[in-house]
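Protein chains in written order, with the working numbering: chain A, 37 to 150; chain B, 191 to 304.
Partner residues are not named here, just some residues of chain B that face chain A (Cβ under 7 angstroms, in silico):
1. Tyr222
2. Gly233
3. Leu234
4. Lys239
5. Thr241
6. Ser284
7. Gly289
8. Phe290
9. Lys291
10. Thr292
11. Phe294
12. Ala296
13. Gly297
From the derived model, a few chain A residues whose C-beta atoms are all more than 12 angstroms from chain B:
14. Pro44
15. Val48
16. Gln50
17. Glu54
18. Val55
19. Arg58
20. Asp98
21. Asp99
22. Gln100
23. Glu104
24. Gly108
25. Asn110
26. Thr112
27. Leu120
28. Asp122
29. Ser123
No lab work stands behind these hints, which were simulated from the structure alone. Just so you know, these numbers come straight off a predicted model, no measurement behind them. Think of the CB as a built atom: it goes at the ideal place given N, C-alpha and C, for glycine as much as any other residue.
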Amino acid sequence: EPEVTQTPSHQVTQMGQEVILRCVPISNHLYFYWYRQILGQKVEFLVSFYNNEISEKSEIFDDQFSVERPDGSNFTLKIRSTKLEDSAMYFCASRDSGGTGELFFGEGSRLTVL
Amino acid sequence: AQSVTQLGSHVSVSEGALVLLRCNYSSSVPPYLFWYVQYPNQGLQLLLKYTSAATLVKGINGFEAEFKKSETSFHLTKPSAHMSDAAEYFCAVSDYTGGFKTIFGAGTRLFVKA
Chain A
37 EPEVTQTPSH QVTQMGQEVI LRCVPISNHL YFYWYRQILG QKVEFLVSFY
87 NNEISEKSEI FDDQFSVERP DGSNFTLKIR STKLEDSAMY FCASRDSGGT
137 GELFFGEGSR LTVL
Chain B
191 AQSVTQLGSH VSVSEGALVL LRCNYSSSVP PYLFWYVQYP NQGLQLLLKY
241 TSAATLVKGI NGFEAEFKKS ETSFHLTKPS AHMSDAAEYF CAVSDYTGGF
291 KTIFGAGTRL FVKA
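Produce the complete structure using the sequences and hints provided.
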């Protein structure tokens, strides 16, 4: 069964460092999303991406964040200068162009900022 | 804008008892509704979804949910709890006005007592 894959599963970084989280969405999907879940809290929308541009972003997604689809398969989330509060699980999701709206989620990348 | 309210951040039931997790939504147009389960340190697994077909939706692991438009509710039930059902459960909503961006509730942690 097709699935969304994310790498790395866990990354530890120092405050102020740049981090890139990678996602490979399901191959025929056209819409891509990043979500964040701080430990013990709700899953929060960060950004949606379609046709090589951001469709929508939340207030969390400030200038420190960026997304890119560098080739036909990867979808990346970059955090330019990490802060302690960026420590969280980051989930990538994708969906097709059908009408059910169901998002398919990856297993997540846990980011720990020290 | 869509929103989801989950009543009760923690629910505790005995093994074999009925599980009822409450979810109310807000959406200006017909919504798509989802329940996800998250086990400790794992990703989000789709339990079931409502996409405007039958109002009573059956999912995996014996769970089901009923869409009630008049009550704007989508409560999750399971007739008989099993120890393996202990997890965090998230209700979520999306609709076409939000580009099918999925908005999650705060989550309900289910405890199952032996």
